[in-house]
Amino acid sequence: MPKINMVQAINLALSQEMEKDDSVVVLGEDVGVDGGVFRVTDGLIDRFGPERVIDTPLAESGIAGFSIGMALYGLKPVCEMQFSGFSYFAMHQMESHAARLRWRSGGRFSVPMVLRAPYGGGVRALEHHSESREAYWAHTPGLKTVIPSSPRNARALLVSAIRDPDPVIFYEPKALYRAFREDVPDEEETLPIGKSQIVREGKDVTLISYGASMRPVLEAASELSARHGIEAEVIDLLTVSPMDDELFTGSARKTGRVVVVHEAPRSFGPGAEIVARLVEKSFLFLEAPVRRVTGFDIVIPLYQRETEYLPGPERILKAVRETLDF
Amino acid sequence: MPRKAINLTCKVEYLSILDETGKLDKKLDPSIPDDLLLRLYRAMLLARRFDERMLVLQRQGKIGTFAPIKGQEAQVGAAAVLEPGDWLVPSFREMPSELWRGKSMESVLFTYGGYNEGGYIPEGINNLPVSIPVGSQTLHAVGLGYAMKYRGDKSVAMVFFGDGATSEGDFHEAMNFAAVFRTPTVFMCQNNHWAISVPRSRQSHSKTLAQKALAYDMPGIQLDGNDVLAVYAGAKEAVDRARSGGGPTLIELVTYRMSMHTTADDPKKYRSEKEVEEWEKRDPIVRFEKYLRGRNLLTDAGVEEMDEDVRNEVREAEERWLEQIGKGVDPLDMFDHAYAEMPPSLRAQKEELERELSEKKR
Ligand SMILES: Cc1ncc(C[n+]2csc(CCOP(=O)(O)OP(=O)(O)O)c2C)c(N)n1
Ligand SMILES: [Mg+2]
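Chains C and V are the protein sequences, given in the same order. In this text, residue positions in the first sequence follow my numbering: the first is 1, and each later residue adds one. In this text, residue positions in the second sequence follow my numbering: the first is 1001, and each later residue adds one.
Take the hints with a grain of salt, since some may be wrong.
[Unchecked claim] To give an idea of the chain C side of the interface with chain V (calculated C-beta under 8 Å), a few residues:
#: 1; residue: G74
#: 2; residue: T140
#: 3; residue: P141
#: 4; residue: A288
It should be emphasised that the hints constitute simulated quantities derived from the structure, not laboratory data. Yeah, the Cβ is synthetic: ideal placement off N, Cα and C, and Gly gets one too.
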């Protein structure tokens, strides 16, 4: 099994799906000749040609609406938003049309498209290049919002997203694009959308997170175990919406203590939904208030202040200790 | 030379074939077969009668807010150019075209009566459901066109939108994408002179809407939108060009919204009776009827019979609709088709409502 990074893993998913199915097309700004500003679509145009790897004009609503039309005709477009911070232009097409055409037409039409976008901080980027606004998409009925956390699950989830009959928002943690390598099998691998995973078992406290925040969460969990003998159970949501609450409410019933971690601003963030489900389904088992370690309710600052903004291992450790000491 | 003229061919034509008195410009006659002429006339009449009937139903409280199309019936000339494999992408002012393409009147009543069923377009009819977010559907017709081309299908996507829609970004993005990728897309702008209360002159400073095509380097033409022959001829040219790989066209149908924007609107607040009266003289049905009578394709008795027939068709559709809604609908199916497969969290919500409803019944 070759060890590859997340950029290569996503590229692998795209090229293998394009190989298998000629209805899969890739489109976006600079995705063709340039291979994307993060090189995620590198080389695809040489293999599949400019009809299938489409350099589009610079217009995000256009890209999304154009993809919807293609999907209505039976293609499976995978469109790229160069940065999630520019995807707001596309939101209206996704909300008003992609998300509801199946429902509006009683199942006659469907929009099997994927909208990929790099999200999150940690790469010393310009303004509008670091935010984490998955909650916007997650709030829209009819969409699925998927966020991988490693090369292997990114590859498997993207394959599933492309094959999914409904529109999928695929947020890629750009801080993890080249952060580490992982064994990714060359053979086909998928992961179910709408299912979370226990990535580390434990009995003392439950840590719930996804995407870029999984790294500091796992770091904190190792530290807790190595230094304090505290065994944290770590849950990776993988799909933010529709949210799978079975695993994490079950885990909360076991540990009685929960910390939720994400980069997105706290108020109305995915963590709020997680806490609500915990209250609805595990209330009587909770031994301490659920803590949220998240971005603050401000625009993510430019990178000189980014470290203080982003939830890092220390902040997570502190929240865990407070939860345990409650 | 630091400063010189760039050679651009800028040409926007206006085409009208039947004048207000029903007189034909022979040189421009699109030579439509007689039976098709009569079918077009009937479709326009049906749309008019159905529209009138819906206004009554709305006033009686049997249906909710609806958008009348009175005065814009000649659009069927464009829909008539399409083949079944082509796609119609309508806004909310295309009832006549939708019916032409096989959508049922019941289906329209479902929509305006507040039933989701109105959007359930049957298999085999390539109409998208109506699009309410103004201008947004233009992009779908470009994506459809790209996919047709990609699949090597010789089909065309025709998208309708209003004069107001030409101010939306999506319209411009769609025009641009269509031109860049040379998609088989026909942009059909119904310039009915009003976007609710805002007149055409406030919507755009351009002399014509058709000229917006020039910026994207695609053909643009203005048609007399109350002349079904001009609409047919102009649309045919554009559809043929698209089908044979010649790319997109922007067509501006110059027409008039003779009724209110929707039944929730009072046009007296913003436009004069006199303006409406002027346009009534250009009524697309009256003009076409004069022409057909002149050619002896229609007689007094023929018109009367057709009108009777069309009214019956409307009544029968209404009856079928009443019968269908009389059976009631299941509120629980609002959860269906949100996703191909219902997620567990949504299933739980459906069960929640199911319990609530069964408790109420008890
Ligand atoms: C994006 C959007 N903004 C506002 C509205 C509310 N609205 C509905 S129709 C309309 C006017 C549309 O004018 P036009 O495009 O000329 O079409 P017409 O109604 O004349 O057929 C407006 C403002 C809407 N449906 N969508
Ligand atoms: Mg208008």
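Results for each hint:
1. At about 7 Å, the closest approach between the beta carbon of G74/C and any beta carbon in chain V falls short of 8 Å, and the interface hint on this residue holds.
2. Restraint check, T140/C versus chain V: the minimum CB separation of about 11 Å is more than 8 Å; hint violated.
3. A least Cβ separation of about 6 Å between P141/C and chain V falls short of the 8 Å threshold, and the interface hint therefore holds.
4. For A288/C, the shortest C-beta to C-beta distance to chain V is roughly 25 Å, which exceeds 8 Å, and the interface hint is violated.
The structure fails to meet hints 2 and 4 from the earlier list, while all remaining hints are met.
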